[in-house]
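J.: Protein chains in written order, with our numbering: chain A, 1 to 324; chain B, 1 to 361; chain C, 1 to 343.
Simulated from the structure, these hints should not be mistaken for lab results. Cβ atoms here follow ideal geometry from the backbone N, Cα and C, with glycine treated the same way. There may be inaccurate statements among the hints.
[Stated by the list, open to error] Below, a sample of chain A positions facing chain C; criterion: calculated Cβ distance under 10 angstroms:
| no. | residue |
| --- | --- |
| 1 | Asn221 |
| 2 | Gly259 |
| 3 | Gln263 |
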Amino acid sequence: MEFLNIFLTPDFYSATFRLATPLMLAALGGVISERSGVLNMALEGQILMGAFFGYLGSYLFQNVWLGVLTAMVGSLFLAALHAFMSIKVKVNQVVSAVGLNTLALGITSTLFRFLFGTDSQMASCPGMANLDIPVLSDLPFVGPVLFSQHPLTYAAVVLLILLNLFLFRTSRGLELRAAGENPQALDVAGVDVIRIRWLAVLTTGLFCGLAGASLTLTGLNTFYDNLSSGRGFIAYAAVVFGKWTPVGAALAAILFGAGDALQLRMQTIFDIPYYFYMMMPYLITFFALVFFMGAAKGPAANSIPFEKDKGRRRSARRSRMGGN
Amino acid sequence: MNKRARAMVNYLISIVIALLLAFAIIGALLLWQGVDPVETFMALFQGAFIGKSNLGASLLLATPLILGGLGIALSFRCGIFNIGGEGQLYLGAFAATWLGVNLVGLPFWLHIPICFLGSMIFGGLWALIPGYLKISKGYNETVTSVLLNYVGVYFVNYALSSFFKEPGALNHQSPKIQTSAMLSKIMSGSELNTSFLMALLIVALFFLIFYKTDVGFKLRAVGQNAEASRTSGIHTRKYLLLAIIVSGALSGLAGSAQVMGYQHLMVQNFSPNTGYDIIAVALMGNLHPIGVLIAGIFLGALRSGASVMQIMMGVPVTILYIIQGVIILSILGFSRANIDFIGLVGGLFRKKESQSMAKEA
Amino acid sequence: MKRKLMALLLAGALAVGLAACSRNVGTEDSAPPASSPTGGTTETTGAKDPSEVKVALVCGGAVNDGGWNASAYEGLQRIEETLGVETAYTEKVAVAEMPQVIRTYARQGFDLIFGHGAEFGEPMSTVAPEFPDTTFVAVNANVEAGNLTGTVFKFGECGYFCGMAAAMVSETGKIGIIPPDDAPNNKADIDTYELGAKAVNPDIEVYTAFTGSWDDLPKAKEASESLISKGCDVLLAMGDAYAVGVYQACENAGIKAIGWVSDQHDLSDAVICSGLQSVGDVYVATAERYLEGTMEQGVQVYGMPDGAQGMSEFYGLTEEQAAEVEAAMQDYLDGKLEIPTLY
Numbered sequence: 001m002e003f004l005n006i007f008l009t010p011d012f013y014s015a016t017f018r019l020a021t022p023l024m025l026a027a028l029g030g031v032i033s034e035r036s037g038v039l040n041m042a043l044e045g046q047i048l049m050g051a052f053f054g055y056l057g058s059y060l061f062q063n064v065w066l067g068v069l070t071a072m073v074g075s076l077f078l079a080a081l082h083a084f085m086s087i088k089v090k091v092n093q094v095v096s097a098v099g100l101n102t103l104a105l106g107i108t109s110t111l112f113r114f115l116f117g118t119d120s121q122m123a124s125c126p127g128m129a130n131l132d133i134p135v136l137s138d139l140p141f142v143g144p145v146l147f148s149q150h151p152l153t154y155a156a157v158v159l160l161i162l163l164n165l166f167l168f169r170t171s172r173g174l175e176l177r178a179a180g181e182n183p184q185a186l187d188v189a190g191v192d193v194i195r196i197r198w199l200a201v202l203t204t205g206l207f208c209g210l211a212g213a214s215l216t217l218t219g220l221n222t223f224y225d226n227l228s229s230g231r232g233f234i235a236y237a238a239v240v241f242g243k244w245t246p247v248g249a250a251l252a253a254i255l256f257g258a259g260d261a262l263q264l265r266m267q268t269i270f271d272i273p274y275y276f277y278m279m280m281p282y283l284i285t286f287f288a289l290v291f292f293m294g295a296a297k298g299p300a301a302n303s304i305p306f307e308k309d310k311g312r313r314r315s316a317r318r319s320r321m322g323g324n
Numbered sequence: 001m002n003k004r005a006r007a008m009v010n011y012l013i014s015i016v017i018a019l020l021l022a023f024a025i026i027g028a029l030l031l032w033q034g035v036d037p038v039e040t041f042m043a044l045f046q047g048a049f050i051g052k053s054n055l056g057a058s059l060l061l062a063t064p065l066i067l068g069g070l071g072i073a074l075s076f077r078c079g080i081f082n083i084g085g086e087g088q089l090y091l092g093a094f095a096a097t098w099l100g101v102n103l104v105g106l107p108f109w110l111h112i113p114i115c116f117l118g119s120m121i122f123g124g125l126w127a128l129i130p131g132y133l134k135i136s137k138g139y140n141e142t143v144t145s146v147l148l149n150y151v152g153v154y155f156v157n158y159a160l161s162s163f164f165k166e167p168g169a170l171n172h173q174s175p176k177i178q179t180s181a182m183l184s185k186i187m188s189g190s191e192l193n194t195s196f197l198m199a200l201l202i203v204a205l206f207f208l209i210f211y212k213t214d215v216g217f218k219l220r221a222v223g224q225n226a227e228a229s230r231t232s233g234i235h236t237r238k239y240l241l242l243a244i245i246v247s248g249a250l251s252g253l254a255g256s257a258q259v260m261g262y263q264h265l266m267v268q269n270f271s272p273n274t275g276y277d278i279i280a281v282a283l284m285g286n287l288h289p290i291g292v293l294i295a296g297i298f299l300g301a302l303r304s305g306a307s308v309m310q311i312m313m314g315v316p317v318t319i320l321y322i323i324q325g326v327i328i329l330s331i332l333g334f335s336r337a338n339i340d341f342i343g344l345v346g347g348l349f350r351k352k353e354s355q356s357m358a359k360e361a
Numbered sequence: 001m002k003r004k005l006m007a008l009l010l011a012g013a014l015a016v017g018l019a020a021c022s023r024n025v026g027t028e029d030s031a032p033p034a035s036s037p038t039g040g041t042t043e044t045t046g047a048k049d050p051s052e053v054k055v056a057l058v059c060g061g062a063v064n065d066g067g068w069n070a071s072a073y074e075g076l077q078r079i080e081e082t083l084g085v086e087t088a089y090t091e092k093v094a095v096a097e098m099p100q101v102i103r104t105y106a107r108q109g110f111d112l113i114f115g116h117g118a119e120f121g122e123p124m125s126t127v128a129p130e131f132p133d134t135t136f137v138a139v140n141a142n143v144e145a146g147n148l149t150g151t152v153f154k155f156g157e158c159g160y161f162c163g164m165a166a167a168m169v170s171e172t173g174k175i176g177i178i179p180p181d182d183a184p185n186n187k188a189d190i191d192t193y194e195l196g197a198k199a200v201n202p203d204i205e206v207y208t209a210f211t212g213s214w215d216d217l218p219k220a221k222e223a224s225e226s227l228i229s230k231g232c233d234v235l236l237a238m239g240d241a242y243a244v245g246v247y248q249a250c251e252n253a254g255i256k257a258i259g260w261v262s263d264q265h266d267l268s269d270a271v272i273c274s275g276l277q278s279v280g281d282v283y284v285a286t287a288e289r290y291l292e293g294t295m296e297q298g299v300q301v302y303g304m305p306d307g308a309q310g311m312s313e314f315y316g317l318t319e320e321q322a323a324e325v326e327a328a329m330q331d332y333l334d335g336k337l338e339i340p341t342l343y
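So here's chain A without its partners, still in its complex pose:
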């Protein structure tokens, strides 16, 4: 009975949205990049960059919004590298992501030590408070769940709607999807595929910057080594799980957030070894994926570098497989 009570409290749902926010922002970013044909497993590194540079900016300028800006600049740097490696140099995109994730871990934890020393006292920076939306936040149940969140949660929802409209209701969105499905045809139609992909990957960086900022600047107001701790991989899973649609990815992120919120609450009710609680969000996602989602088919040209005037060569497929 107590278990069912979890689902009756608004707190469970607001925790779900809080936990889902960084995942959702990064997953939406991932959708953009992958829809344009660039596989993006570097979400983890980009979130970490966003988290650190957000903290750094907010600390240096003593202003949380400038912090959000530096967060986006930080992860944009990594995104630009990914774009350069994947689009210009045409390397294997999984490999590029592995390299970038490692690089991000190195940059953030080294700079953290160089700039903040090894004091046991952690310096805290300005952070953002929850934003109550007038009138609506006073509604029973729905108010605290939906209208008393921190600004980046609202941003995630707004971006979800905008992205959905952009992808499926605008001609630019159509072009972006075409770049990931059939870049050759798009090229023949006179559209610059390379440019679209560059913009898409950079936009992913901006989204991940927000995701990172939502980890450090919404109440935590501090940073620590490897703060993203695998959230980028979960966000990547959400992209695939959501079948490369913004709504699907967002729902997957929310499902994972709910799993995490649920296990933290169940811990106070059932006395089973806590390891199983830790496993829960991953298992829920895994089984949901296996039983309900079915096989996922990504954009046809995802992860295949675009080569102008060469047609859909098999060599492109080879490079996707790794090696040379």
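Assemble chains B and C onto chain A, guided by the hints.
T.: Showing chains B and C alone in chain A's frame:
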């Protein structure tokens, strides 16, 4: 100079440039911090290679990276992006430790192979889940294998805290394995043990099987073009399954080699992140067995050197991740971009000829 | 086809066999370190000149974690300042790298080497016999050998008095604790936290939320939110870096928190008191004894009687409440109060 040798030299030059680039970036960071970069790199090199203990430590750290890296290379070659090395490694180590502790009275020549086999089976089975889902249902294996990593690691940590816990220990850890399951050391003053030799032998075997046998040929064919090989009569699914199982089994070995080689018991989080490091090793090694061997030793040496570097210079070990990241990216970039360094250098002397050569390449 | 597969399997078996066969029976790989002939030497060597002594610290985690590892780093700095010896440290050492790092220090002439955590017990047992002139100390590990000493705390002491304080301050009758995991040393304090709370208020409800990590700040913050939603109004943050996450949640909800290891009132005003584990004191005391040549054999147990554990100042308790906790602490020291501690 023939084409192949030329490509080889170009590849080597690109690696040297990658290294120089990485050290230039780190050097600039160190200068900014007022640390002497030359002295720091000397310390790094010394900690990696000078003296039996340091060299032994480098090779010791390289062993699991080589074993696991080979597995990842195989699966990536076949177009299966197995990111689940971490879970497979933990389960493999768990199986080996369990057998090592609970089988009593066996002679070592039986006990050790049994433990290794157990770890390969567990690692292989754990890899089979995403592999099967991928091959027969088309589920994205990167996602399933990442999720299973967490499940596997938490399960092993649970085991070490409950039914497989050494009573009375302050840490959650397993009992010690029997003496008959411990590998013997091969270098005094370090923990280097026979698992390193095993890794070398497996590299050689891998090379022979992959490049000189029919099975290897078919695996490569499946990897290069699954559709074409299916139409040419190769039982694609079977080979893909074989690849992922072997990949998991090798990750399992990477785990058991650490326990049986020198840790002798399993603590929670006994080998953090190794399952992801092996991906880096496989990729730095260009998914080639010899490349994996070199990359594994390189990364092991970097790790071992970095700890000595921190001792001597007070430089945080975290810069290692920067070195690693820059090297992966630049090796990757150069090898993909196919820059003809020989042609470039030749061009300094004979401008005309080099232009025609660059065109050739 | 089948034959090829067989060949493959055989080849694999061969490789596995090699590792087995090249094994020399009777090598020293399992020699128990306790049989080291150096036993007892450390007691009798007499006083040492601080300027010739070098002390090293090896940590599994990061020294800027604001908790467990930071406390060791602080201890090391105090050793350098007060005793005038040379020091060095290495952080973020994975289990696989521990033997090499410890050896490197020993070979570089470091005389006293601290391994900071239970996970150092095994590697130090392996390395210690190789360097009979070096003294090894594994903190929080119950290991001992000739030149290897383990130090442990009387785990469970602080938990009890933190529980008392929490129960006194709680208005809802519900308190919480956020530990990283259920390792035996943490478990001892988790259990006594409840005991102490029940001693003050038998009806109090105690809730636990594990985070599964010592430093996942966002996760710790969410774990706190979950306990707060359960109605808890005092939370004990038992982690390293993540305590900050717990305090942030407490400040937002306007409830109280209890610190761990060091006095964390300066991190947040929500902290009403902290359970102290003077890791730094243990380090300094050990180094002092080493310099004096009075180090004792065997596992060293530190606790409240020798001032290594205790409670910080009480910030959020009334004078009567603080007095009551202090009286209980005195009872415990006098042996009138039994607390089920580990060691």
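J.: Are any of the numbered hints broken by this structure? If so, which, sorted upward?
T.: When the structure is compared with the hints, only number 2 turns out to be violated.
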